[in-house]
Amino acid sequence: MASKGICDRVAIVGMGCTKFGEHWNRSASDLLVDAVQEAYGSAGIEPDNVDAYWLGTTGSGISGLTLSEPLKIQYKPVTRLENMCATGSEAIRNAAYAVASGAYDLVMAVGVEKLKDSGFSGLTGSAPPGDGTESGMTAPANFSLLAPAYAEKYGVDLETMRDVLTKIAYKNHYNGARNEKAQFQREVPIEKINASPKVAGMLGIMDCSGVSDGSAAAVICRAEDAHKYNDNPIFIKALSFVAGPSEGAKRQDYDFTTFPEVVESARDAYVQAGIEDPREQISMAEVHDCFTPTELVLMEDLGFSPRGQAWKDTMDGRFDLDGDQPVNPDGGLKSFGHPIGASGLRMMYEMWLQLRGEAGERQIADPKVGLTHNLGGAPGRCVSFVSVVGL
Amino acid sequence: MSGIVRYGSYVPFNRIQRSAIGAGRGERAAASYDEDSASMAVEASREALRELPEGAAVDTVAFASTSAPYSEKLNAATLQAATNLPKSVTALDLGGSTRSGLSALLAGIDMASAGRTVLVAASDVVVGAPSGPRESGGGDAAAAFVLGGNGTEPIARLIGRASCTEEVLDVWKSPGMPFAKQWEERFGADVYTPLLVETFGRALADAGVSASDLSRVVLDGTNARVFRGFPRPAGIAPEQILDGLAGTVGRAGSAHAGLVLASALDGASAGDRIAVAVVADGVDVAVFEVTDAIDAGRPKHSVASWVESKRNDLAYTTYLKWREVLPFEPPRRPDPDRPAAPPMQRAERWKFGFLGSRCNRCGNTNLPPQRVCVVCQAVDDSTVEPYADGECRISTYTLDRLAYSLQPPVIGAVVDFDKGGRMLCQLTDVDPDNVGIGDELEMTFRRLYTAGGVHNYFWKARPKR
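Protein chains in written order, with the numbering used here: chain A, 1 to 391; chain B, 1 to 465.
The hints are simulated quantities; they were obtained by calculation from the structure and are not laboratory data.
Remember, predicted model here, so these are calculated numbers, not experimental data.
The hints are all genuine.
Okay, derived cross-link-like pairs now, DSBU-like style, lysine-lysine, Cα gap no bigger than 35 Å in a straight line: (1) A:K116 <-> B:K321; (2) A:K116 <-> A:K198; (3) B:K181 <-> B:K321; (4) A:K192 <-> B:K321; (5) B:K321 <-> B:K73; (6) A:K312 <-> A:K198; (7) A:K72 <-> A:K228; (8) A:K198 <-> B:K464; (9) A:K198 <-> A:K19; (10) A:K116 <-> A:K192; (11) A:K198 <-> B:K321; (12) B:K419 <-> A:K153; (13) B:K464 <-> A:K153; (14) B:K310 <-> A:K198; (15) B:K464 <-> B:K73; (16) A:K192 <-> A:K19.
Covered by chain A, according to a simulated footprint, are these stretches of chain B (three or more residues, beta-carbon under 8 Å): (17) 343 to 357; (18) 412 to 418; (19) 424 to 430.
Cβ atoms here follow ideal geometry from the backbone N, Cα and C, with glycine treated the same way.
Sequences are here, hints too, so could you generate the full structure?
Encoded structure:
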């Protein structure tokens with residue numbers, strides 16, 4: 001049992017992405033207008049050409065009206081969806097399947113989040129009325145459990161572990177410093193990362209992704225139509241999504257050094273795309289580095305590093321911009337920022353730029369196959385998305 | 001003859017040194033930010049209910065306090081739910097005076113004589129006006145007693161009693177007043193001391209014993225000056241009077257007489273006679289005779305063991321913040337949501353009773369109880385599994401400096417139970433610098449927070465005390 005996949009049957013023919021950051025002077029509606037207009041222009045289309053829209057946002061609006069109203073979309077289907085931090089990727093997946101089915105010819109996937117209007121630190125969300133028995137732990141606390149567990153399992157002393165986490169933050173800021181749309185466009189010295197105020201467990205502020213506002217959009221059609229809109233389309237090789245049964249939060253055999261949901265979604269995606277050796281065949285990846293230890297664990301769950309080796313690969317520079325397998329070349333959640341509903345589309349936007357040779361200073365030499373990975377939830381209790389895209 | 005079948009006590013982990021308040025020697029017990037009189041009553045009651053003798057099935061629950069978490073909504077119902085007592089119990093709240101603890105005990109014995117089996121829990125969080133004697137002299141604690149009549153074997157029988165009620169302005173607190181006030185103590189002493197001597201004498205006469213027959217005398221009241229003139233006319237020798245825990249706990253309001261009585265029972269032998277007197281708005285005196293059953297009836301924790309298990313470096317400002325006396329800068333996080341009534345009702349056995357489920361097909365345990373087993377996916381095929389007394393330990397943990405709490409950082413732990421089952425829960429009564437993977441824990445009933453006037457009770461784990 002697995003998804004059959006739509007390898008090479010669907011293409012992305014245009015994309016838009018706002019700068020991510022603290023947009024005090026721009027509403028969610030403003031950000032949507034900016035990203036969607038850019039995507040229209042990128043694909044060389046008019047609003048009339050688009051048959052249907054998928055809008056991902058976790059909390060910046062409800063219903064398709066969140067998009068149709070600011071854009072004045074003329075009586076067309078707009079689906080609003082949510083799947084925690086993987087929301088943006090879900091917009092892509094559902095939009096892609098809609099054109100693959102033949103129900104529509106040209107669709108748009110859009111993501112947006114306006115986080116900085118809340119006045120609070122970190123993420124906030126409104127849960128349904130509850131019985132008050134939830135743990136109340138924050139996202140950094142949940143993900144901080146990964147670091148000591150990984151260190152213990154693989155015999156990495158905590159000082160080295162700190163160096164590994166710092167290296168991940170340093171790398172992603174290095175990349176973001178070369179990205180004019182990133183929230184944080186400065187390199188951050190190692191000492192500053194090491195000394196950042198503690199948030200949870202081993203994690204300091206500089207181990208956490210940026211809380212930001214932003215929007216991104218993609219224009220999607222069937223592969224056979226792709227060149228009608230764009231001379232350099234990119235093609236979807238695999239789209240995989242997994243919601244776990246929340247075993248890790250309930251079973252004592254879960255050890256916080258892996259995301260079973262990621263392992264399964266990657267396996268499924270690689271089957272769809274015909275990838276047998278992800279370490280060699282994936283040229284580059286945008287992964288869900290919500291916190292630095294998440295990226296470390298993902299390198300193993302995605303098969304980029306053997307179990308217990310990702311920390312060495314990280315320190316050896318394998319995942320650096322000029323390494324063998326660059327990870328988060330655009331700065332990742334860490335440096336580009338993490339407006340939840342937009343992040344999955346932002347990851348795809350970097351694939352769009354890199355595969356088309358438009359990444360400027362960040363351009364990776366001759367990439368063939370890219371991967372995006374988007375996660376929502378917490379270790380032991382999460383959803384995971386993996387896409388593979390290429391030329 | 002009716003009497004005490006089982007007893008239990010509870011003294012919170014935190015103490016504040018009186019020198020930190022600028023008020024004398026010793027220290028007082030301070031309920032943590034996540035405790036109140038109801039949660040502490042649950043802790044004391046769990047002690048008393050742990051090993052009930054055969055034939056003792058509690059059918060009545062009484063909660064006595066002058067600091068009840070709800071002024072309207074039955075606090076005894078929280079106690080019933082958290083101790084998994086049957087819903088068929090009669091439940092009542094008492095209060096209005098710190099004498100209510102001993103009054104409830106006596107009323108419970110009367111009910112026991114009428115054939116009931118009664119859990120009486122007295123508990124108080126005593127908050128005095130800053131710099132006042134009630135702040136430094138008060139303490140927070142709870143005591144619980146199971147009272148039974150014929151068919152149960154008491155560890156201490158009530159052999160005599162007497163009461164006196166006096167309309168007098170001694171300690172008072174009207175609705176809306178943040179702190180209780182007290183009239184000049186010299187006045188109270190002059191009114192109360194003769195009443196105590198007279199009532200004490202009647203109780204001894206009722207018991208048919210003389211003062212010298214008493215092995216222990218427990219004296220408690222709103223006004224310590226009352227007792228200065230008491231021993232000589234009552235014929236009591238100083239060595240008969242039990243330490244009132246003033247230096248270690250402080251006077252714990254309506255719970256105090258019960259707490260000191262519990263410490264007397266901790267050290268009692270069969271045949272001992274113990275008199276308990278509380279002086280507040282009058283006098284109640286009870287005389288007990290300890291039976292042969294005492295050795296089998298002691299709780300897991302003695303009062304002394306609770307007193308010994310402590311952290312006593314609580315800062316005065318932290319204490320004032322916990323008691324909501326001192327306003328403070330809140331964390332830059334949303335206020336927690338008020339828990340909703342229907343979900344709480346549906347989850348009552350989990351939220352209050354801490355009951356999980358065990359899959360009938362594969363034996364796996366699920367916390368919280370699941371309709372579909374997380375291991376074998378069997379549907380609606382499980383039995384109830386109690387967890388409140390489950391042995392458990394830290395699988396891993398983290399310090400959460402971002403989460404909303406009156407005492408950051410929140411320590412979140414992945415807790416694994418020896419009998420199976422895992423949950424992510426907060427640790428409490430723990431030093432963040434002294435916690436480690438593998439540490440043994442025990443569960444404790446707490447008030448996580450209050451939102452919209454609704455107290456959100458649930459369980460946390462603490463290092464073993």
